[in-house]
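Note that the protein sequences, when read in sequence, are chains A and B.
Here the first sequence is numbered in the numbering used here, starting from 45 and rising by one per residue.
Here the second sequence is numbered in the numbering used here, starting from 13 and rising by one per residue.
A few of these clues could be false.
[Said to hold, decoys possible] Every beta carbon over 10 Å from chain B, so not counted as near; a handful from chain A, in silico: (1) Ala89; (2) Ile187; (3) Phe190; (4) Ile220; (5) Met231; (6) Lys375; (7) Ser519; (8) Glu533; (9) Leu561; (10) Leu593.
[What the hints assert, rightly or not] Straight-line Cα separation of at most 27 Å, DSS-like style, residue types lysine-lysine; simulated pairs: (11) Lys263/B - Lys624/A; (12) Lys479/A - Lys468/A; (13) Lys537/A - Lys272/B.
Rather than coming from a laboratory, the hints here were simulated on the basis of the structure.
Since the structure is predicted, the reported quantities are computational estimates derived from the model, not experimental observations.
Cβ atoms here follow ideal geometry from the backbone N, Cα and C, with glycine treated the same way.
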Amino acid sequence: MSEIERQSMELDIVCVGFGPAMAGFLTTLTRGLADENGAPLLESAVMPGMPPQVICYERADDIGFGVSGVVSKARGIKESFPGFDPAQVPMCAPVTHETVAYLLDPHGASRRQELLGLADKALGFAGKYTSCCRDQAFELPYIPPFLCKEPGYVFSIGQFNQWAGSQVMGSGLAQIWPSMPVARVIMEEGKVVGVRLADQGVDKKGNPDACFMPGMDIRAALTVIGDGPVGPVGRNLDEILGLPEGNSQRDWALGMKMVVDLPEDCDLPEGYVLHTFGYPEPDIFGFLYVLPDRVASLGIFVPSWLDIPVRTAYRYLQHWMTHPYLWKHLKGGKMRSWGAKSLLESGRRGEPHLVGDGFARIGEGSGSTNVLTGSGVDEAWTTGVMLAEGVLKLMKQNQPFTKYNLERAYVKRRRESELEAEAKIAEKARDGFGKGFIQGLAGMALSGFTTGRLNMPGDHRDPNQRVPSIEEYYSARLSAQEIEAIREECAAKGEPLHDALMDRVGWPSIEYDGQLLVSHQDALLMGGKVQAPGGYADHVVFADPNVCLKCRERICIDMCSGQAIAPDPEGGAPLFDREKCVHCGACVWNCSKPHPTEPGRTNVEFRAGAGGLHSVEN
Amino acid sequence: MSAGYHIVVCGGIVPDPLQTLEPVQGPAGWGLKNELMLPAILDPWAGHALFEAANLAKNVPGSKVWLVSMGPKAKLQQVMMTIAQKVPFELVVLDGPASGFADAHETGAALAEAIAAIPGLDTSRLLVFGGWQSASRGAGATMQVIGEKLGIFEQFQGVDKLEILADGALRVLERVEGGSYQDSVVSGAPAVFGWATGELPEPPNNPQVGMQNMRLVMPALQKAKPVKLEKGPEYSGVQIPSQKRETRVVKDAPVDQIAKEIVDWLSA
Chain A
45 MSEIERQSME LDIVCVGFGP AMAGFLTTLT RGLADENGAP LLESAVMPGM PPQVICYERA
105 DDIGFGVSGV VSKARGIKES FPGFDPAQVP MCAPVTHETV AYLLDPHGAS RRQELLGLAD
165 KALGFAGKYT SCCRDQAFEL PYIPPFLCKE PGYVFSIGQF NQWAGSQVMG SGLAQIWPSM
225 PVARVIMEEG KVVGVRLADQ GVDKKGNPDA CFMPGMDIRA ALTVIGDGPV GPVGRNLDEI
285 LGLPEGNSQR DWALGMKMVV DLPEDCDLPE GYVLHTFGYP EPDIFGFLYV LPDRVASLGI
345 FVPSWLDIPV RTAYRYLQHW MTHPYLWKHL KGGKMRSWGA KSLLESGRRG EPHLVGDGFA
405 RIGEGSGSTN VLTGSGVDEA WTTGVMLAEG VLKLMKQNQP FTKYNLERAY VKRRRESELE
465 AEAKIAEKAR DGFGKGFIQG LAGMALSGFT TGRLNMPGDH RDPNQRVPSI EEYYSARLSA
525 QEIEAIREEC AAKGEPLHDA LMDRVGWPSI EYDGQLLVSH QDALLMGGKV QAPGGYADHV
585 VFADPNVCLK CRERICIDMC SGQAIAPDPE GGAPLFDREK CVHCGACVWN CSKPHPTEPG
645 RTNVEFRAGA GGLHSVEN
Chain B
13 MSAGYHIVVC GGIVPDPLQT LEPVQGPAGW GLKNELMLPA ILDPWAGHAL FEAANLAKNV
73 PGSKVWLVSM GPKAKLQQVM MTIAQKVPFE LVVLDGPASG FADAHETGAA LAEAIAAIPG
133 LDTSRLLVFG GWQSASRGAG ATMQVIGEKL GIFEQFQGVD KLEILADGAL RVLERVEGGS
193 YQDSVVSGAP AVFGWATGEL PEPPNNPQVG MQNMRLVMPA LQKAKPVKLE KGPEYSGVQI
253 PSQKRETRVV KDAPVDQIAK EIVDWLSA
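The whole structure should be built from the sequences, with the hints applied where relevant.
Written as C-alpha cells, this is what we have:
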C-alpha cells in the first residue's frame with residue numbers, strides 16, 4: 045500500500061498514556077508553566093505568544109478507566125500535595141490495620157512443594173489446638189518493615205487519576221484527550237520527533253474502511269511515554285532501541301481485581317489492609333483493602349513464574365474469594381466493578397532506555413515498580429515528577445531535549461533519588477520465585493533484611509520458556525490419554541481447557557450467588573462494562589498464526605481476562621474479539637511460543653487499540 | 013441561505029450508562045449513589061443533535077454551532093475532552109445540576125436564558141437543537157420549554173432528518189407512532205428540533221478539531237455562571253427497573269426454540 049497522506053500537528057510536548065506517572069508529570073509541569081497569578085512563565089516554540097502546548101493522549105474512554113485499587117505510602121504524592129487530605133479524593137482512606145496471612149489449601153488441589161505440604165500439615169495440626177491458625181489461615185505475627193504500608197493510604201487509582209487529571213486540565217496548561225490511542229513513535233535520523241495516532245475508520249486488519257481517517261502525526265520537541273508495561277508506544281520504542289545491556293522484562297503478573305460492596309455484617313474497619321499468599325496456588329498473592337463506605341478493593345496476582353500451563357486468573361480469583369478466611373467477610377457482598385491489568389514485575393531490571401533524543405520514559409513501563417515492597421503507584425508518580433522538574437529546568441534554560449540534556453536533567457535526578465536506592469535493593473528480591481515458592485519467600489526476606497546485599501539466585505528464562513506441556517505438568521495426576529480426551533471434548537464444545545482440567549484434578553466448582561460469584565461473562569458485563577468503539581483495527585494479533593495451530597497449551601485463551609481470546613471452533617488459530625478485551629495485556633506474556641522475529645517476545649502482538657474497561661472505581 | 017444558520021445545541025451530561033446506577037435519597041433530595049464519582053458522557057440523544065448540527069453547519073456556509081450545556085463544571089470539563097474531538101462548536105456553560113431529578117421547566121428556563129444571552133446570536137437564523145429524550149430525564153419536555161421561553165413556536169420532536177430545500181425551507185421527518193414518519197416543511201428559522209437518533213454515525217476523533225475547540229472550551233468553563241434550580245417535583249419514590257441475569261451458553265439451538273423462549277420470557 046502506498047504511503048497514506050496524513051495530517052500533522054505541532055506541539056511542544058506530546059505525552060502518551062494517562063496513569064499515575066503522567067499525572068505526576070503533568071501536575072508538576074503545569075505548576076511550573078505559570079506563576080501564582082496564572083500568568084505564563086514560558087512560551088510555546090510552536091505557537092509564539094502562547095504558553096507551551098502540552099497534550100496527553102490516552103487510549104481509554106476516560107482518564108480513570110481500567111486501573112486498580114492500591115495501598116501506598118504515597119510519599120511522592122504527599123510531597124506533591126503538602127497537607128494532602130484523603131477526604132478530597134473519593135474512595136481514599138488512611139491505612140489503619142495491616143495483616144499478612146498465609147492461606148492453607150482447603151481442597152488439596154493446588155501445586156505445593158513437599159516442604160510446604162509438611163508445613164501446611166503442621167499448621168493444620170496446630171490450628172486444632174491453638175488459635176494461631178483459624179479458618180484455614182495463619183496470620184503472620186510480624187510484618188517485615190519493607191512490606192509495611194503505614195503510614196499510607198488505600199485508594200482507587202481510577203478515582204485518584206480523575207482527581208489529579210481534573211486539576212491538570214483545570215489549569216488550562218495541559219490537555220488530556222481520552223479515546224485516542226497512539227500507534228507508535230515517529231523516528232527521524234535516530235531522534236524521536238513525535239507520535240503517530242492510530243488510524244480510524246479501518247477494518248479488523250487495519251485496512252481503510254468507511255470513514256477512514258489516517259492517524260495524525262503529532263510532532264513535538266519532547267515525547268513523554270508513560271503508557272505502561274504493555275503500552276504499544278513504549279514497546280515500539282523498545283523494539284527499535286532494544287533494552288539496555290543486562291536488562292530484561294521477563295517477570296510479569298496479572299492483577300485481577302474487584303470492587304465489592306461488603307455485606308452489612310462485615311466488621312472489617314476502613315483502612316484495613318490484608319495481603320495473602322499460599323492459595324489458590326502458593327505463589328498467587330492476594331489483597332483486600334477496605335475503602336470508605338464499606339467498599340473493598342480486592343484481588344489476586346497471577347505471576348509469570350507460576351509454571352502451570354492452564355492457569356486462569358478468573359477462576360483462581362473465585363477460589364481465593366471463597367477461601368474460608370476471606371469468605372467469612374465477603375459472603376453476601378456484591379460486585380461493583382471488576383477488571384484486570386498486567387504488572388511488569390521485573391522492576392529496575394526491566395528498565396528500558398529512559399531517555400533519548402526527543403523522548404523520555406516514565407512510570408511502570410520505565411521499570412519504576414519496587415518488587416520488594418510491592419509498590420508501584422507512588423514510584424510511578426515520582427518518576428513523572430522528576431521528569432517534569434528536569435523538563436522545566438531545560439525549558440527555562442532554553443535547552444533542547446537531547447539525550448545528553450535529558451540524561452542530566454532527568455536520569456541523573458532519578459539515579460540520585462531514594463526511589464533508585466530502594467529499587468536497587470529490590471532488584472533481585474523476587475528472583476527466588478523462579479525456582480520455587482519457598483525459595484521465593486526466602487529470597488524476599490534475604491533481600492529485604494540485608495537491604496539487597498544478599499539475594500537468592502533465580503531462574504531467568506523468558507516466560508514462554510518456562511511453560512511445561514500439559515501432559516508434563518499433570519503427569520502425576522492424569523494420563524496423556526485422559527488429557528487428550530479432555531482436549532478433544534473441549535475442542536468439540538469450543539471451550540478452553542482450564543475449567544475441565546481443574547475440575548478433573550480436584551478444584552471444586554464455584555456456586556454462583558449472582559452477586560459476587562458470577563460467570564466470567566457476567567463479570568465482564570456487570571463489572572467490566574467493556575466498550576470497543578468501532579473503526580479501529582484489532583489490537584491483539586497473532587504474529588504467526590501457523591504457530592498457534594500447533595500450540596497445545598494456548599494459555600492466551602485460559603488467561604484472557606475478558607474471554608476475548610477464544611478457541612476457533614473450526615480448528616484455526618485462536619479468535620480475538622475486541623469488544624471483550626479489557627486491555628490487560630496478559631496475552632502478551634502468557635503465550636508459550638516465541639515471536640518469529642523478535643527475541644524475548646512471544647507470538648502475541650499487542651498494538652494500539654481504543655476502549656476497554658468502563659470503570660472508575662477499580 | 014447565504015448567511016447560514018446559528019445553531020444552538022442544548023446538550024446535558026448523564027452518567028456513563030455502563031456504570032452501576034443506584035438511586036439514593038440524600039438531604040438535598042434524590043440523586044444517584046456516588047454520582048460525583050461516576051464518569052459522565054454527553055447525553056446520547058443530544059450527541060446525535062450535535063453531530064447533525066455540525067453536519068448542517070458544514071454544508072451551509074456561514075453557519076455556526078454553539079453547545080449550551082448545564083452540569084457540574086468539573087464533570088463538563090471531563091466530558092468536553094471527548095466531545096470536543098468530534099465536531100467544531102463554541103461552548104456555553106451553565107454550572108448547575110445535571111441530575112436526572114432536576115425539573116424540566118426550571119432546566120429549560122435556565123437554558124433559554126443562556127441562549128438568549130449568547131453574544132451576536134441572530135434569532136432570525138436560529139435553529140435550536142437538542143435531544144428529543146434524555147438518558148436521565150425522560151420527560152421530553154425540556155426542548156419544548158426552551159422553545160416557548162425563546163418565543164419559537166415551530167417545534168419538531170423525534171426528528172430523524174432535516175433537509176434544506178432549494179427555497180431555503182426546511183423539510184423535517186419526525187417519528188410518529190407505528191414506525192412512521194411525519195413529513196413537514198417549515199419556511200425557515202427560527203425553529204426547535206428535538207432529535208431522535210438522526211442519520212449520522214458518530215464522527216471519528218480529530219485532534220485538530222479538539223485543539224480548535226479547546227481554545228474556547230477552557231475560557232467558557234472558567235467563566236461559567238452558577239445556576240441554582242429553585243423548584244422541582246417531589247418524588248414519592250424512585251427505583252430502577254429490576255434486572256435478573258440468567259446466562260446460559262446453548263449451542264446450535266433452533267431458531268424456533270430461541271423465539272419461543274423470548275416470547276415466553278416476555279409473556280411471563
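**Message:** Checking each numbered hint in turn, tell me which of them this model violates, lowest number first.
**Reply:** Of the numbered hints, just 4 does not hold.
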